[in-house]
Structure formats: structure tokens, C-alpha cells
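Enquirer: Okay, here's what each chain looks like letter by letter:
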Amino acid sequence: MNTDTYNAPKSLNRWQSIALGAGGIGVIVWLVGYLTGNEEEALRGWLLGFIFWAGIAIGGLGILMLQYVTGGAWGVVIRRVAEACAKTIPYVGLLFIPIGLGVYKLYEFANAPATDKIIAWRGWYMDPPWWAFRAFVYFVLFSIMAYLLSSWGAKQDASKDYEESAKWLSKATRFSGPSIVIFVLLVTFASVDWMMTLEPHWFSTMWGFLFTAGWALSCFCFSVAILAYFSDKPPLDRVLGKRHFHDIGKLMLALVMVWAYFNFSQYLIIWSGNLTEETPFYVVRSKGGWGAMGLALIVLHFAFPFLILLMQDFKRKAKWLASLAIFILIMRLIDMFYIIGPSPKLGELKQHLLEVPFRVTPWDFAGPIAVGGIWLFIFIWHLRQRPLVPLNDPFFENAIKHGKGH
Amino acid sequence: MAEFDTTTEVVVAAEKVRDAGFTETDAFSPFPIHEMDEALGIKRTVLPYLVFIGGVAGLLIGLGLQYYTHVVEYPIIVGGRPHFSLPAFVPPAYEMTILLASFTAVFGMLFLNGLPKPYHPVFNVPRFNLASREKFFLLIKKDDPKFDYDETKAFMEDLNPQEVFDVDE
Numbered sequence: 001m002n003t004d005t006y007n008a009p010k011s012l013n014r015w016q017s018i019a020l021g022a023g024g025i026g027v028i029v030w031l032v033g034y035l036t037g038n039e040e041e042a043l044r045g046w047l048l049g050f051i052f053w054a055g056i057a058i059g060g061l062g063i064l065m066l067q068y069v070t071g072g073a074w075g076v077v078i079r080r081v082a083e084a085c086a087k088t089i090p091y092v093g094l095l096f097i098p099i100g101l102g103v104y105k106l107y108e109f110a111n112a113p114a115t116d117k118i119i120a121w122r123g124w125y126m127d128p129p130w131w132a133f134r135a136f137v138y139f140v141l142f143s144i145m146a147y148l149l150s151s152w153g154a155k156q157d158a159s160k161d162y163e164e165s166a167k168w169l170s171k172a173t174r175f176s177g178p179s180i181v182i183f184v185l186l187v188t189f190a191s192v193d194w195m196m197t198l199e200p201h202w203f204s205t206m207w208g209f210l211f212t213a214g215w216a217l218s219c220f221c222f223s224v225a226i227l228a229y230f231s232d233k234p235p236l237d238r239v240l241g242k243r244h245f246h247d248i249g250k251l252m253l254a255l256v257m258v259w260a261y262f263n264f265s266q267y268l269i270i271w272s273g274n275l276t277e278e279t280p281f282y283v284v285r286s287k288g289g290w291g292a293m294g295l296a297l298i299v300l301h302f303a304f305p306f307l308i309l310l311m312q313d314f315k316r317k318a319k320w321l322a323s324l325a326i327f328i329l330i331m332r333l334i335d336m337f338y339i340i341g342p343s344p345k346l347g348e349l350k351q352h353l354l355e356v357p358f359r360v361t362p363w364d365f366a367g368p369i370a371v372g373g374i375w376l377f378i379f380i381w382h383l384r385q386r387p388l389v390p391l392n393d394p395f396f397e398n399a400i401k402h403g404k405g406h
Numbered sequence: 001m002a003e004f005d006t007t008t009e010v011v012v013a014a015e016k017v018r019d020a021g022f023t024e025t026d027a028f029s030p031f032p033i034h035e036m037d038e039a040l041g042i043k044r045t046v047l048p049y050l051v052f053i054g055g056v057a058g059l060l061i062g063l064g065l066q067y068y069t070h071v072v073e074y075p076i077i078v079g080g081r082p083h084f085s086l087p088a089f090v091p092p093a094y095e096m097t098i099l100l101a102s103f104t105a106v107f108g109m110l111f112l113n114g115l116p117k118p119y120h121p122v123f124n125v126p127r128f129n130l131a132s133r134e135k136f137f138l139l140i141k142k143d144d145p146k147f148d149y150d151e152t153k154a155f156m157e158d159l160n161p162q163e164v165f166d167v168d169e
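Residue numbers (the working numbering), protein chains in the order written: chain A, 1 to 406; chain B, 1 to 169.
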């Protein structure tokens, strides 16, 4: 079968060092913040970074399973990048430790007085130890899925003939179908546990879907940036073609729309319901600096990428698509900040604030850089361990031909 | 009109036809040949732009219709909200966008293709029925500016086809 090795280009080593350096500096700055008495602000910054980068990693698992189920040339070229994202999940679990240990300094539900009937009614389910154990379970299940899929991918790479390769592919495909259902349920529970609890009296039934779509979008944009980086360097310049980026661009467009659709659904339901338990979430977020940020998100997270991605020529140019992908990633980070930033800090809940001053701290920058640097280091390490494409996949040759089409 | 046996032959021939400067041409095959657009020098369709205009028109009509009925013509207070309540206007405006965009796509496609077309001279060639089964055909129309019956016929014979037909009108 295939004789090329398709190993990652050497230039990746430099990026790995840069990531580690940035991560190290981020961690130091973050620790300075944490140790100088800004524990809550620092933890919020860490949560921001965690939820953004964990979204790429966990989204990677979702994309990996999705492409096994749907098939297609875009899946063959994106598979190893998504797989490397998914394989970082156990380490993402380690990056969760500051949040798990800091639960009493970060979340109101962990400190609520017994007089807070809404939180008291939730009983043992929202006890911090049980909450932390659930997070452990999510990471274990995600990791098992990622481990199984990547080990079958490795066996496929080592397979000697067509039948053996096709056998591992069909195994991964049959595993992915039912696992996607479990995956979406896990994402729903995880996003409620980690993010919705920042607003302990508030709830939204769109939350899980919002995060499923958002994380898939994050991982897609991240993968586009990685693939565009590879597209003009050996060995992948032989593989990646215009049509691959065209296909992936179309899926990016779809995910941008799905994100907007879920977000607007949530807004419309709360707006038309007009209930006192639900509306404060948007009342707070539509005033002052937060309001401007919300409008900016509508324009820059939806309208602008949507209109740009409608253009066919734009999607076919790897570097252009990658620039937009990185832009959307920045918007994803701001979107997460838009959820975390205005949420009540400890003790603010009982004040029933309808206006929160725009607050951004240095740790909101240090957190994402710290988590991101460490995560990218681990991601590149995983990416380099394997060929960048599933070179013995039965559909590999077809996928190359497809990309080179007009 | 010339008949060919394989996709490769018809694509190579189409490239020669394009390079010879013919513009009023057409190709027929049992399945889509992705290279054919380029080989025959077919310009990209304007349909996407029409669909975009259709969508924008749908959006504006959808918003305008609701604004007119809810704010101008029959203002009535619903749920204590202002007459102009944008969130409530979005779903119908969105549906109008999709409706007009897809109408433009379907009917625009039919119009740009000149469909429905009850009569086309190529069907006067008996073997043309094979275009829906296994054969490939290239057509040079007589209103092409470079068309000259004898020269064009000789040119087509040189393309290495199975057979060259005259198409009666």
C-alpha cells in the first residue's frame, strides 16, 4: 500500500516551543494573580481559557466521530487533526483541576446559604464533591471514546491490505454512531455543570446544543488553521487541494449558522416568555459595555463570517479561509467571556443585579494564554506522533483526487 | 455534432474546440463530467448572485410586511411589547428569506437553462438517445461566429470522434 510516511513537518517543533513558552509565561502571570489575593478573578480567567480550549479538544472528538459516520473527502483530510485534538482530552481533564479545587472560590452554588431555596432544592446533585465527580466521569468517558477511535486508526495505518484497513474503518464507523448520542448528552451535562452554574438561578434548555454547536465550530476553525498551515509544506501539499478547503468552508458556514440559530432561539424563547427567573441573564448582558459586546458578537460572530463564507472563491483559498477561521476563534473566546464576565461573582447573587459594570481583568488574558499554551504543546505532541493523514484508508486515494478537482 | 466513446476523448476534444475559438457549443453526457465546464470554456453561472439578491429581497419584504402590519396599518399591543419588536419579526423574515432565495434558485436555474424546452434539434439525430446511456456528444451550433459548414465539419472529423452528424433543424 502507501509508501509515503506523511510525518509532520519539522517546522512544527518551533511552534511547539513557542506554545510552551507562552503557556509558561501565562501560568506564571496567572499564578501571580492567584497568589496576590485575586483568587476569584484569576479562577474566572482560568475557566475562560479552559472552556475555550476544552471546547476545541472535545469538539475534536465530536468532529472525529461525525466524519466517521458521514464519510467524505473532508473527513479523510481532517481526521488526524481532529484525532490529535481528541487525544488531548485526558490532559484537558488535568487542566480542569484548578477549577475543581477552586469550586468554592468560583461558583456561587457551592457557597449558597441554606435560605437560597432554588439552590437548596437541587440538593445533593449540586454538592461540590458530586459535581467534581461528574466532571471526572465526563473526562473518563470522553477519553475512552478518543482512545478507542485513535487506537483503531493506528491499527488501520499499520494494516497491510485493503480488507484489513476497511475492517478497522467499519469498526470505527459503527462505534461512532451510537457514541455521538452519548457525546451530545455528555456535552450537555458538562456545559450545564461548568458554565450554566455561573448563573445559579437561571436556566436554558438550549444550553447543551449551544455548546455542542459552538465547540464543533471551534474545532472546525482550529483544524482549518492547522490544515492551511500544512497546505503549502511537504508532505501535505501533495494531498490538500482547493476542494478540501471548499468543503470544510461550507461546513464552517453551516456551523456559524447553527450557532446563531441556537443562540437566537434561546434569546427568542426567553424574550417571549418574559419570566423573572430567565430575563435577568439578557437584561444584564444588554446594558453598557456588555450590550455593545453582544451586538458585536451578532455582527462579528455571525453576520460577517456568514456573508464572507457565502463567497465560493473565498472558501477555496486556504490562507484566506484560515484567516477567517482564526477570526472566528477569537469571537468564540469573546462569546465565552460574554457568558462568564457578567455572571454574578460570589455574594452578588442575592443583590439581584440588573446592571453589571463592564469588568475585564488581566487574568482574563492570562488564563486563555496559560491554558492555550499548555494545550497547544500537548496537541502538537500528539499530532507529530502519527502520519498527518490516514494513509492506508480505503478512501485515501479518492480523497486526494477529490481535492485536486477544479 | 460529434459522438465520442469515453469521457477522456470528449474532454480532450472539447478543449480543442475551445482553443479553436468556438463559443456557441454544448456537450452532452450520461453523467456530469466535472472537467467539462473548464474544457469547453463555459462561464460560471450568475445564479448565486441572483439567489443572494432573492434572499435579501425576501428579508426586506418579510421585515417590511411585518413592520407595515404591526406598526403602521394595525398597531395592536401584544404581550405589553412595543409595536416594533424585532425578535418576534425575525422568524417570519427568515422564512421569507429562505422562500425567495429558493424560488430564485429553482426558477432562476430553469430560466437560465432555457427550460422547459419542448423542442431541441439534437433529438433529430437518432443516435443522440445514447447520450442518456453510454455515449458522449459535442455540439457546435451554426450561429457560432466561426461556423463554416465545410471547415467546421472537417475540423470535427479531425477530433477523432466515432462519427460526425449533421443536425437538422
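Read the hints as simulated data drawn from the structure, not as lab findings. Keep in mind that the hints are not guaranteed to be accurate.
Computed list of chain A residues with no C-beta within reach of chain B, every gap over 12 Å [to be verified]: (1) Gly100; (2) Met311; (3) Thr361.
Cβ pair distances, simulated, as ranges [stated by the list, open to error]: (4) A:Ile144 - B:Pro82: 48 to 54 Å; (5) A:Lys345 - B:Ile76: 41 to 47 Å; (6) B:Tyr49 - A:Val299: 20 to 26 Å; (7) B:Asp37 - A:Ala296: 38 to 44 Å; (8) A:Leu295 - B:Ala105: 38 to 44 Å.
Glycine is no exception: its CB is placed at the ideal position from the N, C-alpha and C atoms.
Enquirer: Each hint: holds or not?
Expert: Verification of the hints:
| no. | hint | result |
| --- | --- | --- |
| 1 | Gly100 | 38 Å, holds |
| 2 | Met311 | 9 Å, violated |
| 3 | Thr361 | 32 Å, holds |
| 4 | A:Ile144 - B:Pro82: 48 to 54 Å | 52 Å, holds |
| 5 | A:Lys345 - B:Ile76: 41 to 47 Å | 43 Å, holds |
| 6 | B:Tyr49 - A:Val299: 20 to 26 Å | 23 Å, holds |
| 7 | B:Asp37 - A:Ala296: 38 to 44 Å | 40 Å, holds |
| 8 | A:Leu295 - B:Ala105: 38 to 44 Å | 31 Å, violated |
Of the hints listed earlier, those the structure fails to meet are numbers 2 and 8, in rising order.
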